[in-house]
Amino acid sequence: MSTDPRIENFCDALEQNLTRLGVGQPGDIVSEIRSHLLAAADAGALETTLKEMGSAADYARQFRDELRIEDAYIRSGPKHTVATLILLSAHRLGAAIGLFFTGIFYLTALSVLVTIGFEIFDPSSTGLFTSDEGGFFLGTIAGDPSAYSEHLGGFYIPVAAAMGMGFYLAGGAIARLALRMMRKKSSRQT
Amino acid sequence: MIMNIDSWKSQLRKGAAELAVLALLDQTPSSGIALVKRVEPHPHIGLSGGALYPLLNRLEREGKIAGRWSSETVGRPEKSYEVTEDGKAWLAAMREARTLFDQDMNAILEAQA
Chain A
0 MSTDPRIENF CDALEQNLTR LGVGQPGDIV SEIRSHLLAA ADAGALETTL
50 KEMGSAADYA RQFRDELRIE DAYIRSGPKH TVATLILLSA HRLGAAIGLF
100 FTGIFYLTAL SVLVTIGFEI FDPSSTGLFT SDEGGFFLGT IAGDPSAYSE
150 HLGGFYIPVA AAMGMGFYLA GGAIARLALR MMRKKSSRQT
Chain B
0 MIMNIDSWKS QLRKGAAELA VLALLDQTPS SGIALVKRVE PHPHIGLSGG
50 ALYPLLNRLE REGKIAGRWS SETVGRPEKS YEVTEDGKAW LAAMREARTL
100 FDQDMNAILE AQA
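Residue numbers (numbering that gives the first Met the number 0), protein chains in the order written: chain A, 0 to 189; chain B, 0 to 112.
Just so you know, the hints here were simulated from the structure itself, not pulled from any lab data. The beta-carbon is built from N, C-alpha and C at its ideal position, and this holds for glycine as well. Some hints here could point you the wrong way.
Some residues of chain B that are not near chain A, with every Cβ distance over 10 Å (derived) [stated by the list, open to error]:
{"id": "1", "residue": "L18"}
{"id": "2", "residue": "L23"}
{"id": "3", "residue": "D25"}
{"id": "4", "residue": "P28"}
{"id": "5", "residue": "S47"}
{"id": "6", "residue": "F100"}
{"id": "7", "residue": "M104"}
{"id": "8", "residue": "A110"}
Beta-carbon label-pair distances, calculated as ranges [claimed, not checked]:
{"id": "9", "chain 1": "B", "residue 1": "L108", "chain 2": "A", "residue 2": "M180", "range": "20 to 28 Å"}
{"id": "10", "chain 1": "B", "residue 1": "H43", "chain 2": "A", "residue 2": "K50", "range": "46 to 54 Å"}
{"id": "11", "chain 1": "B", "residue 1": "A88", "chain 2": "A", "residue 2": "L137", "range": "48 to 56 Å"}
{"id": "12", "chain 1": "B", "residue 1": "D25", "chain 2": "A", "residue 2": "Q15", "range": "30 to 38 Å"}
{"id": "13", "chain 1": "B", "residue 1": "A92", "chain 2": "A", "residue 2": "L176", "range": "24 to 32 Å"}
Lysine-lysine pairs mimicking DSS-like chemistry, simulated, CA-CA at most 27 Å apart [claimed, not checked]:
{"id": "14", "chain 1": "A", "residue 1": "K78", "chain 2": "B", "residue 2": "K13"}
{"id": "15", "chain 1": "A", "residue 1": "K50", "chain 2": "B", "residue 2": "K8"}
{"id": "16", "chain 1": "A", "residue 1": "K50", "chain 2": "B", "residue 2": "K13"}
So that you can see chain A by itself, here it is in the shape it has in the complex (with noise of 0.2 Å):
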């Protein structure tokens, strides 16, 4: 049997990686890992083996990965989608991407829902104001309403509600649509 200082040293790496990432049971993956290249080094393709499997820290968040990304597609609730893309912004663009434009899309669906409770209490500052320059604003004014001319009257809070919900399921559209990508990408590495 080899004892190979490689295999160690890959596999001391790869515990303290796995362990940092939050893993579970890093040791019985270290455990089947160093197996797997004590075969791989009695075969002679320990060198393949570990080029293959790439750095301690890229092959730790392999597991880290396959895990985050499989479970947050299969739940696809905006809770675990944000927070795969959140965990994994740090080192992968895409999901920096997909977390940016997912939190424009959910603050904007947010906002415009707030802007019902406002329409409640002080219909005559919300709604979907023009101004004779042409220029449009939807929402809450904070200024003098009465210099604008307000169009949707009762059916802000419909309209309201409908863009929210269509800027809320366009956020999730995309946080899946960076997830899908992150799925594609790890499975390049397969």
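Starting from the structure of chain A, add chain B where the hints point.
Then chain B, alone, in the frame of chain A:
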């Protein structure tokens, strides 16, 4: 026009890897090392040793497979995996979905030919 067949292949392989691993383990419980050897004759599945262990780890956590350590190989313990009852049900559903997908896809491709 951008044509990246590798990217398309990788999409195709993602679900296939899980199906292949579950089907192989359903036929015969195996260790990771044995599984790598069993998929070697099927390079188009695209499942390398490096990618196999994260997949096995996920399937075990999802309860689709169960791992058990053995020390049959002298000095080198191995973890052998078998498909659980939940995994068998999942595999049956995957097989059915795959069959229906293949039927429809073949019908489209044959009609085109």
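Hints versus structure:
| no. | hint | in the structure |
| --- | --- | --- |
| 1 | L18 | holds, 13 Å |
| 2 | L23 | holds, 15 Å |
| 3 | D25 | holds, 20 Å |
| 4 | P28 | holds, 15 Å |
| 5 | S47 | violated, 6 Å |
| 6 | F100 | holds, 17 Å |
| 7 | M104 | holds, 19 Å |
| 8 | A110 | holds, 28 Å |
| 9 | B/L108 <-> A/M180: 20 to 28 Å | holds, 27 Å |
| 10 | B/H43 <-> A/K50: 46 to 54 Å | violated, 21 Å |
| 11 | B/A88 <-> A/L137: 48 to 56 Å | holds, 50 Å |
| 12 | B/D25 <-> A/Q15: 30 to 38 Å | holds, 35 Å |
| 13 | B/A92 <-> A/L176: 24 to 32 Å | holds, 25 Å |
| 14 | A/K78 <-> B/K13 | holds, 24 Å |
| 15 | A/K50 <-> B/K8 | holds, 22 Å |
| 16 | A/K50 <-> B/K13 | holds, 21 Å |
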